[in-house]
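Protein chains: 4
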Amino acid sequence: MAHDLPTAAALGHLPKEEFAKTLGGIYENSIWVAEAAFEAGPFGNLTDIAKAMAAVVASASDEQQLALLNAHPDLAGKAAVAGALTVASTEEQAKAGLDSLTEAEMETFTRLNTEYRAKFGFPFIIAVRNATKRTILGAFEGRINNSIGVEKLQCLAQVDKIAWMRLLNVAKPAPTGFLTCHILDTARGCPAAGLRLTLSRLHDNRSELLGEWVTNSDGRLPGGPALKGETFQAGTYCWNFYAGDYFAANCLPISGQPFLDMIPLHFGIDNPEDHYHVPLLCSPWSFSTYRGS
Amino acid sequence: MAHDLPTAAALGHLPKEEFAKTLGGIYENSIWVAEAAFEAGPFGNLTDIAKAMAAVVASASDEQQLALLNAHPDLAGKAAVAGALTVASTEEQAKAGLDSLTEAEMETFTRLNTEYRAKFGFPFIIAVRNATKRTILGAFEGRINNSIGVEKLQCLAQVDKIAWMRLLNVAKPAPTGFLTCHILDTARGCPAAGLRLTLSRLHDNRSELLGEWVTNSDGRLPGGPALKGETFQAGTYCWNFYAGDYFAANCLPISGQPFLDMIPLHFGIDNPEDHYHVPLLCSPWSFSTYRGS
Amino acid sequence: MAHDLPTAAALGHLPKEEFAKTLGGIYENSIWVAEAAFEAGPFGNLTDIAKAMAAVVASASDEQQLALLNAHPDLAGKAAVAGALTVASTEEQAKAGLDSLTEAEMETFTRLNTEYRAKFGFPFIIAVRNATKRTILGAFEGRINNSIGVEKLQCLAQVDKIAWMRLLNVAKPAPTGFLTCHILDTARGCPAAGLRLTLSRLHDNRSELLGEWVTNSDGRLPGGPALKGETFQAGTYCWNFYAGDYFAANCLPISGQPFLDMIPLHFGIDNPEDHYHVPLLCSPWSFSTYRGS
Amino acid sequence: MAHDLPTAAALGHLPKEEFAKTLGGIYENSIWVAEAAFEAGPFGNLTDIAKAMAAVVASASDEQQLALLNAHPDLAGKAAVAGALTVASTEEQAKAGLDSLTEAEMETFTRLNTEYRAKFGFPFIIAVRNATKRTILGAFEGRINNSIGVEKLQCLAQVDKIAWMRLLNVAKPAPTGFLTCHILDTARGCPAAGLRLTLSRLHDNRSELLGEWVTNSDGRLPGGPALKGETFQAGTYCWNFYAGDYFAANCLPISGQPFLDMIPLHFGIDNPEDHYHVPLLCSPWSFSTYRGS
Numbered sequence: 001m002a003h004d005l006p007t008a009a010a011l012g013h014l015p016k017e018e019f020a021k022t023l024g025g026i027y028e029n030s031i032w033v034a035e036a037a038f039e040a041g042p043f044g045n046l047t048d049i050a051k052a053m054a055a056v057v058a059s060a061s062d063e064q065q066l067a068l069l070n071a072h073p074d075l076a077g078k079a080a081v082a083g084a085l086t087v088a089s090t091e092e093q094a095k096a097g098l099d100s101l102t103e104a105e106m107e108t109f110t111r112l113n114t115e116y117r118a119k120f121g122f123p124f125i126i127a128v129r130n131a132t133k134r135t136i137l138g139a140f141e142g143r144i145n146n147s148i149g150v151e152k153l154q155c156l157a158q159v160d161k162i163a164w165m166r167l168l169n170v171a172k173p174a175p176t177g178f179l180t181c182h183i184l185d186t187a188r189g190c191p192a193a194g195l196r197l198t199l200s201r202l203h204d205n206r207s208e209l210l211g212e213w214v215t216n217s218d219g220r221l222p223g224g225p226a227l228k229g230e231t232f233q234a235g236t237y238c239w240n241f242y243a244g245d246y247f248a249a250n251c252l253p254i255s256g257q258p259f260l261d262m263i264p265l266h267f268g269i270d271n272p273e274d275h276y277h278v279p280l281l282c283s284p285w286s287f288s289t290y291r292g293s
Numbered sequence: 001m002a003h004d005l006p007t008a009a010a011l012g013h014l015p016k017e018e019f020a021k022t023l024g025g026i027y028e029n030s031i032w033v034a035e036a037a038f039e040a041g042p043f044g045n046l047t048d049i050a051k052a053m054a055a056v057v058a059s060a061s062d063e064q065q066l067a068l069l070n071a072h073p074d075l076a077g078k079a080a081v082a083g084a085l086t087v088a089s090t091e092e093q094a095k096a097g098l099d100s101l102t103e104a105e106m107e108t109f110t111r112l113n114t115e116y117r118a119k120f121g122f123p124f125i126i127a128v129r130n131a132t133k134r135t136i137l138g139a140f141e142g143r144i145n146n147s148i149g150v151e152k153l154q155c156l157a158q159v160d161k162i163a164w165m166r167l168l169n170v171a172k173p174a175p176t177g178f179l180t181c182h183i184l185d186t187a188r189g190c191p192a193a194g195l196r197l198t199l200s201r202l203h204d205n206r207s208e209l210l211g212e213w214v215t216n217s218d219g220r221l222p223g224g225p226a227l228k229g230e231t232f233q234a235g236t237y238c239w240n241f242y243a244g245d246y247f248a249a250n251c252l253p254i255s256g257q258p259f260l261d262m263i264p265l266h267f268g269i270d271n272p273e274d275h276y277h278v279p280l281l282c283s284p285w286s287f288s289t290y291r292g293s
Numbered sequence: 001m002a003h004d005l006p007t008a009a010a011l012g013h014l015p016k017e018e019f020a021k022t023l024g025g026i027y028e029n030s031i032w033v034a035e036a037a038f039e040a041g042p043f044g045n046l047t048d049i050a051k052a053m054a055a056v057v058a059s060a061s062d063e064q065q066l067a068l069l070n071a072h073p074d075l076a077g078k079a080a081v082a083g084a085l086t087v088a089s090t091e092e093q094a095k096a097g098l099d100s101l102t103e104a105e106m107e108t109f110t111r112l113n114t115e116y117r118a119k120f121g122f123p124f125i126i127a128v129r130n131a132t133k134r135t136i137l138g139a140f141e142g143r144i145n146n147s148i149g150v151e152k153l154q155c156l157a158q159v160d161k162i163a164w165m166r167l168l169n170v171a172k173p174a175p176t177g178f179l180t181c182h183i184l185d186t187a188r189g190c191p192a193a194g195l196r197l198t199l200s201r202l203h204d205n206r207s208e209l210l211g212e213w214v215t216n217s218d219g220r221l222p223g224g225p226a227l228k229g230e231t232f233q234a235g236t237y238c239w240n241f242y243a244g245d246y247f248a249a250n251c252l253p254i255s256g257q258p259f260l261d262m263i264p265l266h267f268g269i270d271n272p273e274d275h276y277h278v279p280l281l282c283s284p285w286s287f288s289t290y291r292g293s
Numbered sequence: 001m002a003h004d005l006p007t008a009a010a011l012g013h014l015p016k017e018e019f020a021k022t023l024g025g026i027y028e029n030s031i032w033v034a035e036a037a038f039e040a041g042p043f044g045n046l047t048d049i050a051k052a053m054a055a056v057v058a059s060a061s062d063e064q065q066l067a068l069l070n071a072h073p074d075l076a077g078k079a080a081v082a083g084a085l086t087v088a089s090t091e092e093q094a095k096a097g098l099d100s101l102t103e104a105e106m107e108t109f110t111r112l113n114t115e116y117r118a119k120f121g122f123p124f125i126i127a128v129r130n131a132t133k134r135t136i137l138g139a140f141e142g143r144i145n146n147s148i149g150v151e152k153l154q155c156l157a158q159v160d161k162i163a164w165m166r167l168l169n170v171a172k173p174a175p176t177g178f179l180t181c182h183i184l185d186t187a188r189g190c191p192a193a194g195l196r197l198t199l200s201r202l203h204d205n206r207s208e209l210l211g212e213w214v215t216n217s218d219g220r221l222p223g224g225p226a227l228k229g230e231t232f233q234a235g236t237y238c239w240n241f242y243a244g245d246y247f248a249a250n251c252l253p254i255s256g257q258p259f260l261d262m263i264p265l266h267f268g269i270d271n272p273e274d275h276y277h278v279p280l281l282c283s284p285w286s287f288s289t290y291r292g293s
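First to last, the protein sequences are chains A, B, C and D.
The opening position of the first sequence corresponds to residue 1 in my numbering, with each subsequent residue numbered one higher.
The opening position of the second sequence corresponds to residue 1 in my numbering, with each subsequent residue numbered one higher.
The opening position of the third sequence corresponds to residue 1 in my numbering, with each subsequent residue numbered one higher.
The opening position of the fourth sequence corresponds to residue 1 in my numbering, with each subsequent residue numbered one higher.
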């Protein structure tokens, strides 16, 4: 991310006109959302700005909500082909590969766009920044069977997600977020002490090693969070837990070819202002994880 | 694996002398184990042969058990350095990297071997075929604190694991094993239908794609087991579950950067004559797995 | 349940007039739902009847949906006090204790009813048959903060749930449902064989023992489903798993006062035409369950 | 527990003769264990005393260990019938119902005792204070198939458990233990805030309510531990989680008869000097728990 982005605090304290100008495109072609959200400020972080804008949309009239949905382009539609999208939409559709569809894929999109609009009266909307063509087509085919009431809420939720990701592109989040881990040994009912793990960031099919730890006597990382503040960014991450070595060192019965050995765990960080606790509960024959707190 | 290995059935029906000759090295330098196990035959599969041999060891006298343990070489010890190991031991130690230790590592091994023998009266034994230097050193440092009673049982268990892996090297397992999967959606309490997944085999830092499926309405693989019979071999495997696409198609609330998207799951198959059921229970914010049946 | 209720099949094959007459009250004061659903028949079970009626509502116009919601009485409202509810509503509200509110509770309900109607334009609706006053008040206070779009969908979902429970009161379900169990030992990675368990039905603070089993070698109940056909009814059930005895018999390390000993597991059956698989995954220090298939 | 028991600290600082006299019966008829353990003191809590005594046993010679095992009476054996047990053993066997066996049960015990002694050369030992006849018979029949090496370790582990429970009978634990909870919503990936729960103590088929809480915004108990210090005692406890109300208030999709409603969770506290974290991870269709830290 560029280093000259304004901080969340700076953004949250802009005067109304600038606030609206900066955030007017967060909700596609709908500057009224930023204008109305301004009244709930000033804001100390991006999370609160996003919440205020989402609240404006949620409490808008049915007509306003439909207008907002209709301000969005078709995915891989005529506007995209003609180069008539907003800059943000163009980037997002390209990232998901929608600018390089085969002819057959283009036909499928065109057919689905048409059917969808005919049924619902607004375009199919999905946050595509982290999606693939497959994700999008699957969602298209799943959601087209919804009732209008359900699908309108789906689209509004997607619009909020798109807004959040655009917001992260225009300002630096407040440095409040952090990532923690905890490893429990469910075979013995105790913290898994002395278990080695690494953290990597995954992007564009590459893996960048960020750190390596050995858990302390409480099964946690010595030295506090694995990531925090500016190093804690939205993206996809991977813990690698060297569980097989732990089992061997602690005499837990395992087979010669261990059922669980190195356990990779992929997870995504959406809001870098939040605390993400991503623990591992494991025995030699089972494991689980969850977003904790 | 070589195609001219005898089948489990052929091995299990050998006359006594040949049986003992073929399996005499399964338990290091201790042909008496195979000789005594023969009496429980004939055997239809490798699992039963292994059980019979393990039972011989378990019911042997304390002196016999200690003799068996003492028939094993030190890890990275003098015999290894001098090239005086059995062929099987040589291969196993090399696979774990014990033939290329640094000087410092060699010193650590020598010190631990000496301390361990002084405390327990037998050499440190660990099944190393799927282990690394780190695994072995960690186990060494963990187990040296055990009581003699505990540690003797540890070594006997390791000897059984080594025997099993050697057995897989001398015969083809009975084609009774298979691998199944089942995916449950714990956010909605139903099978995860229409979820795409792949299976790969992992070896030597490479990944070989073995198959791709989309789950049926019961959350299972259409067409039965993912692997069975001769294609089902000991080794390390990986399911890749495309959970993010499933959540998007089914309108489960997820963040723009999904917390869980593609879920990789590594697992080991130790006994190719067994059924391995390796399911996934998942919501957008948690997942678990276990060896099922 | 009365034994002279019609079977699902008989109900599903009634001529239109009788079908509508019998099911006209399933959706409160809205016989048009049954009339329109009839066209999707004939039906072999209650699940399909319920789905057909729910589909009619889901695809109805906004006006029809609002009319349906407005056909419902306030909870603990004037109509209830005046004895002017439908028979079904009267019974349902009484079962949840709404006919015996304290004066303070009545005031709270009146205030919430008024605020809710003022915000949404329709009455607060919740399936109360298995709810308590506390459930209802908690839901009232939680849902009143929703947006109209979200809350309308909430009410429509509740109306479908009420309809299902009323349907179970007018016909016998098809005898296709059954209950199964499976117990996995996650400390050892194998089925929990030889584990004793019981099943009870819970109602009105009483517990009725329905059966007792010891798991077979695959960790399942010998003899097939625990309940099936007519004995499998909607309601609340409880497995009691005697896990402590299993751990002791299998030498799993547990403390003198075991962390887990007898594990009770309460679960509800909503649709007696379905398969409910309610397994237990447990080690001496952890357990989990889920609705499986 | 009697209020005039000495504190852990007082016990841990006794002079050697008194220490041995007070703790001489903790290991059945084997005052040498207490005498040798004394040297590792002084002790600040019962956990350290227990560890010191267990370490003495673990490092004792094979002969001493066998003598210790043989200092134990048969369960329901001649000594018990003749009233010749130590006071502690008499109480323990009575609590498990071994003083009121039917004639058939007595015959089974006699047969198993005889077979077991013939195979292993020492009596069957099991910590019976929290066991039933069924627990004991199941363990007897399971463990009699073990090898001698395994079974000797089993008995030594049981002896340590018996010692711990006897120790809790002669002194008040240090007030360092406490009980915490945490509830995570795995359907939404957040703490379960506003979820009501109660804690009860279970004894002799009665349930004593100890407290009631509503979780705070982090899904934890407001006000800190549920139990701590002197109120935190060994025994069996039960959380009741009112999950159904939480799901209803938070619009999580549940069936009319919820699959999960009130979730009871039984757990045992063995060491009142420890921290027990007993969390709940739940969605409307799954839950899990574990001993955490």
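Hints listed in this document are in silico derivations from the structure and should not be mistaken for laboratory results.
As the structure is a computational prediction, the values presented were derived from the model and not from experiment.
For each residue, glycine too, the CB sits at the ideal point set by N, CA and C.
Among these hints, one or two may not hold up.
[Claimed, not checked] BS3-like cross-link-like pairs, simulated, lysine-lysine; straight-line CA separation at most 27 Å: (1) A:152 / C:78; (2) B:152 / D:51; (3) B:78 / B:95; (4) C:21 / A:152; (5) A:78 / A:51.
[Stated by the list, open to error] To give a feel for the contact side, a few chain C residues facing chain B, derived at Cβ under 7 Å: (6) 178; (7) 180; (8) 188; (9) 189; (10) 191; (11) 274; (12) 278; (13) 281; (14) 292; (15) 293.
Against the structure, the hints:
| no. | hint | verdict |
| --- | --- | --- |
| 1 | A:152 / C:78 | violated, 35 Å |
| 2 | B:152 / D:51 | holds, 22 Å |
| 3 | B:78 / B:95 | holds, 18 Å |
| 4 | C:21 / A:152 | violated, 35 Å |
| 5 | A:78 / A:51 | violated, 32 Å |
| 6 | 178 | violated, 15 Å |
| 7 | 180 | violated, 13 Å |
| 8 | 188 | violated, 9 Å |
| 9 | 189 | holds, 4 Å |
| 10 | 191 | holds, 5 Å |
| 11 | 274 | violated, 10 Å |
| 12 | 278 | violated, 11 Å |
| 13 | 281 | holds, 6 Å |
| 14 | 292 | holds, 6 Å |
| 15 | 293 | holds, 5 Å |
The structure is inconsistent with the numbered hints 1, 4, 5, 6, 7, 8, 11, 12, although it conforms to all the rest.
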